[in-house]
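Protein chains in written order, with this note's numbering: chain H, 1 to 273; chain X, 1 to 273.
One should not assume that every hint holds.
Said to hold, decoys possible - Computed list of lysine-lysine pairs in DSS-like fashion (alpha-carbon distance at most 30 Å, straight line):
#1 Lys63(H) <-> Lys5(H)
#2 Lys63(H) <-> Lys5(X)
#3 Lys63(X) <-> Lys147(X)
#4 Lys147(X) <-> Lys212(X)
#5 Lys147(H) <-> Lys63(H)
#6 Lys213(H) <-> Lys5(H)
#7 Lys5(X) <-> Lys5(H)
#8 Lys212(H) <-> Lys147(H)
#9 Lys5(H) <-> Lys63(X)
Think of the hints as simulated: they come from the structure by calculation, not from any bench.
Number of protein chains: 2
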Amino acid sequence: MNHQKMSRSELAQMAMMLEVCAYPKPGNVDRCHDYPDTRLEHFLASAILVRPVFERAERRDGKVGELIREAVEHTTRHSGGNTHFGAYILLIPLIMGGDIRGAMEVVSQTDTSDAVEFYHAFSLTSVRMLRSDELDVNDPMTIGRLKERGMTLLDVMRHSAPNDLVAREWTSGFALTRRAADLLHSSGTGRDAIVRMFMTLLATETDTFIVKKHGSAVAEEVRRRAEEVLERNLDAGDLDEWCIEREINPGSIADIAIAAIYVAQGEGWVWDS
Amino acid sequence: MNHQKMSRSELAQMAMMLEVCAYPKPGNVDRCHDYPDTRLEHFLASAILVRPVFERAERRDGKVGELIREAVEHTTRHSGGNTHFGAYILLIPLIMGGDIRGAMEVVSQTDTSDAVEFYHAFSLTSVRMLRSDELDVNDPMTIGRLKERGMTLLDVMRHSAPNDLVAREWTSGFALTRRAADLLHSSGTGRDAIVRMFMTLLATETDTFIVKKHGSAVAEEVRRRAEEVLERNLDAGDLDEWCIEREINPGSIADIAIAAIYVAQGEGWVWDS
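Only chain H is shown next, with the shape it has when bound in the complex (with noise of 0.2 Å):
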């Protein structure tokens, strides 16, 4: 494996494939299950026709917020609906700056042009967000409002930082990511390296997608049912039935994961040894 052959946009690439192959990742779409409308095959088209977008971001040819709608924007060039929304508010940033340090000058440098576009590529996808929130992007005031205070896109991510998780990365400076690729490198390499990480994520985070879909509650048990399989009092498998069951996805952890699998890799982890 020639990692240094491969470009930015490639690793991010490989990331969002690798991540969605891995198994078993309870609730979510991998190797072994789809959502009856969002499939695998959908996960790798977004992560095939998403190049050209990433490529801009890697020549710095374009604003953040324009390139996640992009990104996102080629999401409708397949049928099944939104994949990778999430990942995409990390790997813009983290592809145009490199890594996590470029990443975060990146995100200090936007503007309220690229809330704007942000706000944008939320009304092309059904993603999930609080209703009762001031900024609701299903609120056609919302952009007025932004456009009145000023406000950056990072201004936006700190408002939604306290119930967003790939939000608050952010404004902690891409922390998790931190935390979860260093997971990856404490974990050796390959697919069971990503499994434990993303396992390791849904034990010891509450994720923010699972809490706006089905409550604190919910997202609290999925969490120490992850805790329980860590310390192999409950199997993997069965606790992806479970969430399945429930159609309980927690998809903000696979955003962390598909962002720390980029950062590893860029910083010489390998999958395929």
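Following the hints, complete the assembly by docking chain X onto the known chain H.
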């Protein structure tokens, strides 16, 4: 699904991704099983990493032999060994020419330098060839013989056609690819159509990759058993297991299947309805 928005390169990458994900495909890597050294992820990594070569093919920036060699070289960017050599022999002229008609024009224009590049590509892989062959890739004299006789890459394919399903496509107007694409059109959309097409090819054609590795008796036995699957006298999963136990993988039919998915998509066949 908006196929018009996909480039030829993207359609070819999608074909590679869709083929390897379809299951069950007796004996081959699919969503349900890996080979020990070559896993689903390696096939998908090839589909992602080959893109720059496909884009050159689409721009007609390079010659057939050179582009096949470069596509194979991208295989060395992961440690899974050869995944798509036969597929590239079909996809590169198809991408350059756009469709079968265009591909036939492309292959008719090959020259000796294409043949030489092709032999260099072979030396990058451990792809099986008949030992007794006068144009043996393991024989350092072969390239000298090619030049001496002024053989084009099409001549090489003519030479290999009797014993190689993929080479035969170059000399037959991509006849089997055409038939397989028609099978897709008549099998509806999606993953099941790919599996049906694959099983029909397996039941009607002798896979020359199996012949080279296991002899023609075994290849005929696989064909007969595939026929039984089509007649519903044998379960596809059982044939899959039977093949895996014997390390029998119908690699040439997989190559044809990829070319067929590319062609069918170009004609409006949709994978994800």
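Going through the hints against the structure:
no.: 1; hint: Lys63(H) <-> Lys5(H); result: holds, 26 Å
no.: 2; hint: Lys63(H) <-> Lys5(X); result: holds, 23 Å
no.: 3; hint: Lys63(X) <-> Lys147(X); result: holds, 17 Å
no.: 4; hint: Lys147(X) <-> Lys212(X); result: holds, 26 Å
no.: 5; hint: Lys147(H) <-> Lys63(H); result: holds, 17 Å
no.: 6; hint: Lys213(H) <-> Lys5(H); result: violated, 41 Å
no.: 7; hint: Lys5(X) <-> Lys5(H); result: holds, 29 Å
no.: 8; hint: Lys212(H) <-> Lys147(H); result: holds, 26 Å
no.: 9; hint: Lys5(H) <-> Lys63(X); result: holds, 23 Å
In this structure, only the earlier hint numbered 6 is contradicted, and the remaining ones agree with it.
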